[in-house]
Amino acid sequence: MIESYLRNFEDFSANGGMFAPKSMRALRLSAITRFEQLGFPTTRNEDWHFTSVSPIVEGQFAAVAVPVAAVGTIDVSAWSFGADCHTLVFVNGVYNAALSASATLPDGVRVLPMRDAFDAMPTLVEDHLGKIASFDAHSFTALNTAFIEHGAVVHVPAGVELVRPIHLLYLGNSAAANRVVQPRNLIVVGTHAKATIIESYAGIGDGTYFTNTVTEVSLGEGATLTHLKLQRESVNAFHVGTLDARQARDSHFFSFSFATGAALSRTNTYTELRGEGCGATLNGLYLGNRDQVIDHQTRIEHVEPNCYSRELYKGILDGAAHGVFNGKVYVHPEAQKTDGKQTNNTLLLSERAQIDTKPQLEIFADDVKCTHGATVGRLDETSLFYMKSRGINARMARELLTYAFAADVLETIEQVDVREGLEAATLVRYTEH
Amino acid sequence: MLEIRGLTATVSDKEILRGIDLIVKPGEVHAVMGPNGSGKSTLAQVLAGHPAYEVTGGTVTYDGQNLLEMDAEVRAQRGVFLAFQYPVEIPGVSNAYFLRAAYNEVRKAQGQEEIDPLSFADLMDEKMALVEMDHSMLTRSVNAGFSGGEKKRNEILQMAVLEPRLAILDETDSGLDIDALRIVANGVNSLKKPTNATIVVTHYQRLLNYIVPDYVHVLAGGRIVRSGGKELALELEAKGYDWLTGDAA
Ligand SMILES: Nc1ncnc2c1ncn2[C@@H]1O[C@H](COP(=O)(O)OP(=O)(O)OP(=O)(O)O)[C@@H](O)[C@H]1O
Ligand SMILES: [Mg+2]
Numbered sequence: 001m002i003e004s005y006l007r008n009f010e011d012f013s014a015n016g017g018m019f020a021p022k023s024m025r026a027l028r029l030s031a032i033t034r035f036e037q038l039g040f041p042t043t044r045n046e047d048w049h050f051t052s053v054s055p056i057v058e059g060q061f062a063a064v065a066v067p068v069a070a071v072g073t074i075d076v077s078a079w080s081f082g083a084d085c086h087t088l089v090f091v092n093g094v095y096n097a098a099l100s101a102s103a104t105l106p107d108g109v110r111v112l113p114m115r116d117a118f119d120a121m122p123t124l125v126e127d128h129l130g131k132i133a134s135f136d137a138h139s140f141t142a143l144n145t146a147f148i149e150h151g152a153v154v155h156v157p158a159g160v161e162l163v164r165p166i167h168l169l170y171l172g173n174s175a176a177a178n179r180v181v182q183p184r185n186l187i188v189v190g191t192h193a194k195a196t197i198i199e200s201y202a203g204i205g206d207g208t209y210f211t212n213t214v215t216e217v218s219l220g221e222g223a224t225l226t227h228l229k230l231q232r233e234s235v236n237a238f239h240v241g242t243l244d245a246r247q248a249r250d251s252h253f254f255s256f257s258f259a260t261g262a263a264l265s266r267t268n269t270y271t272e273l274r275g276e277g278c279g280a281t282l283n284g285l286y287l288g289n290r291d292q293v294i295d296h297q298t299r300i301e302h303v304e305p306n307c308y309s310r311e312l313y314k315g316i317l318d319g320a321a322h323g324v325f326n327g328k329v330y331v332h333p334e335a336q337k338t339d340g341k342q343t344n345n346t347l348l349l350s351e352r353a354q355i356d357t358k359p360q361l362e363i364f365a366d367d368v369k370c371t372h373g374a375t376v377g378r379l380d381e382t383s384l385f386y387m388k389s390r391g392i393n394a395r396m397a398r399e400l401l402t403y404a405f406a407a408d409v410l411e412t413i414e415q416v417d418v419r420e421g422l423e424a425a426t427l428v429r430y431t432e433h
Numbered sequence: 001m002l003e004i005r006g007l008t009a010t011v012s013d014k015e016i017l018r019g020i021d022l023i024v025k026p027g028e029v030h031a032v033m034g035p036n037g038s039g040k041s042t043l044a045q046v047l048a049g050h051p052a053y054e055v056t057g058g059t060v061t062y063d064g065q066n067l068l069e070m071d072a073e074v075r076a077q078r079g080v081f082l083a084f085q086y087p088v089e090i091p092g093v094s095n096a097y098f099l100r101a102a103y104n105e106v107r108k109a110q111g112q113e114e115i116d117p118l119s120f121a122d123l124m125d126e127k128m129a130l131v132e133m134d135h136s137m138l139t140r141s142v143n144a145g146f147s148g149g150e151k152k153r154n155e156i157l158q159m160a161v162l163e164p165r166l167a168i169l170d171e172t173d174s175g176l177d178i179d180a181l182r183i184v185a186n187g188v189n190s191l192k193k194p195t196n197a198t199i200v201v202t203h204y205q206r207l208l209n210y211i212v213p214d215y216v217h218v219l220a221g222g223r224i225v226r227s228g229g230k231e232l233a234l235e236l237e238a239k240g241y242d243w244l245t246g247d248a249a
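First to last, the protein sequences are chains A and B.
Residues 1 to 433, numbered by the working numbering, are exactly what the first sequence covers, in order.
Residues 1 to 249, numbered by the working numbering, are exactly what the second sequence covers, in order.
Just so you know, the hints here were simulated from the structure itself, not pulled from any lab data.
C-beta: ideal position from N, C-alpha, C; glycine also.
Do not rely on the hints blindly, as some may be mistaken.
Stated by the list, open to error - If you anchor each label on the Cβ, the simulated ranges turn out as follows:
| # | chain 1 | residue 1 | chain 2 | residue 2 | range |
| --- | --- | --- | --- | --- | --- |
| 1 | A | 412 | B | 110 | 51 to 61 Å |
| 2 | A | 178 | B | 136 | 54 to 64 Å |
| 3 | B | 237 | A | 425 | 52 to 62 Å |
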């Protein structure tokens with residue numbers, strides 16, 4: 001029901017939630033208006049054809065922040081990667097300084113919670129926030145924008161190469177039950193700057209809450225960004241996350257979506273290649289079981305010539321899990337010599353698991369190379385027999401083959417700590433019974 | 001150690017083996033030859049326990065036990081090894097991981113402890129030297145992107161690591177150049193013990209110059225139509241199979 005969100009917005013405005021400059025107030029107001037007009041998407045909406053969000057609509061999640069005091073001590077090590085990350089921890093959407101761990105950052109690099117960012121770098125925030133992730137046709141983005149308050153702003157200035165990853169860690173615990181948490185992140189990577197950012201969402205316990213998150217990314221000329229999104233929400237949670245990037249000339253964007261949590265999740269990864277010589281690689285791995293719904297939508301807009309894009313999404317679905325992959329690639333008329341490749345491979349481990357995969361290529365330039373391919377398969381009997389014929393028992397053979405299916409896409413993650421962490425998480429998932 | 005009596009088997013409801021009798025004793029080498037499609041690989045796969053092949057009749061006894069009742073992994077754990085005619089590629093599983101997993105499973109089944117990584121590395125050094133294989137092959141995925149010859153050598157490496165009691169080599173010599181053939185044959189010969197036995201499926205006499213058989217059997221139309229000593233292989237080389245398959249049809 002959208003009414004409860006509209007009511008919450010009244011409270012939010014009245015109680016000082018709408019801090020920050022006037023332009024931001026105006027942005028939030030236009031966003032709530034748009035949300036009211038759009039309502040939640042139904043399966044009649046082409047972009048939501050395979051995924052019904054009615055559990056979210058009927059969930060009546062209150063858009064009220066959980067006070068930090070209700071948190072207590074939390075061991076964040078289970079969701080951390082090595083010691084050298086600069087980590088901002090948010091619990092139930094709210095920044096928690098005590099749990100955060102700062103590493104020494106190069107001069108000029110800023111990693112701040114949203115409120116502090118408005119004070120410290122108002123121009124940068126105003127120049128980008130709400131300018132990248134359009135909410136005109138996206139009601140979840142509109143809803144998130146209306147409630148902009150918490151989240152992180154990362155600025156890596158021109159020429160700076162960040163060696164250590166920045167980790168934005170969003171934890172949800174039982175105190176978030178029946179609430180909506182709406183993180184909003186902004187990542188600005190300057191000309192020829194380079195950074196790695198991990199954005200994780202993890203559930204502590206099995207609370208029913210709703211995360212609706214939006215991250216806006218701006219890559220300057222020649223910039224390089226690795227963005228790893230890890231969705232490991234509580235089994236009863238709902239998660240809708242949008243990552244929207246704009247790439248200037250010669251920039252390179254590597255995105256990885258690892259999605260394994262939540263009862264229902266939708267991950268949108270969008271990028272626009274707005275200058276020549278750009279590259280975008282959007283990879284992902286989804287692991288589902290029980291009656292989980294794991295939906296991914298990617299959109300790559302090739303606006304200018306001589307750019308490439310690569311997509312490799314793999315999924316392993318067990319139980320009665322339902323996976324969705326919709327990969328959109330638009331090649332604008334000017335974008336000659338575009339080189340695009342999209343692949344989606346899903347392994348179904350049970351009879352009831354299912355995948356809807358929908359490549360969607362719209363090409364308006366004539367001199368381009370764009371391919372796509374999707375496969376859906378089961379464990380290969382011949383490989384299973386080969387392993388068994390070497391003495392490996394049937395269960396272990398299945399586990400090894402399942403893990404092996406995911407291995408190549410995980411290998412595309414360059415950060416060793418993260419890669420090994422996710423490899424272990426994948427292996428454990430298929431070896432624990 | 002192996003006693004096959006009246007074995008019949010089908011695949012996709014098609015009868016392939018039509019009554020095989022074969023007795024293999026410890027220390028013996030048996031060569032199985034025969035025209036394409038006669039059922040040689042089928043026999044090998046049935047012995048290894050491939051689920052796609054349905055045994056419709058006969059018995060197979062291995063060390064006094066009913067082999068046909070054992071799962072494929074149990075057969076392997078008890079010392080049956082099949083070197084595949086077409087080794088399977090397993091992208092994503094490294095050769096080293098695969099070998100160690102297999103080795104440990106076999107050890108566990110025999111009541112031994114798992115090997116520690118260092119001792120396993122030593123073992124690998126020894127076995128890789130035996131088949132003259134480069135160490136870089138260990139970090140690569142099992143057979144993925146291996147050349148035909150490399151795959152066959154990898155089969156023998158696995159055999160060397162697992163030290164089976166009954167090894168069945170299905171056309172391990174096909175696709176090998178003369179040097180590789182000698183390496184593979186040396187590998188097989190050096191693993192030979194009085195307690196072990198080998199069944200070699202081949203089309204070519206040249207392998208049998210290196211791995212000298214005690215018996216040669218000709219399989220045609222799903223039956224063994226002729227058995228003899230190693231001189232039978234030479235006769236087949238000279239005359240082909242027609243003179244034998246004529247009366248089998
Ligand atoms: N999985 C299968 N499905 C259908 N037919 C099969 C299958 N496997 C084997 N066959 C058939 O069984 C027959 C025997 O095949 P097999 O592979 O045992 O022959 P072979 O003697 O090993 O031949 P080659 O010398 O070519 O290796 C052939 O006609 C083959 O086509
Ligand atoms: Mg064969």
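Of the numbered hints stated previously, which ones are contradicted by the structure, given in increasing order?
-> 1
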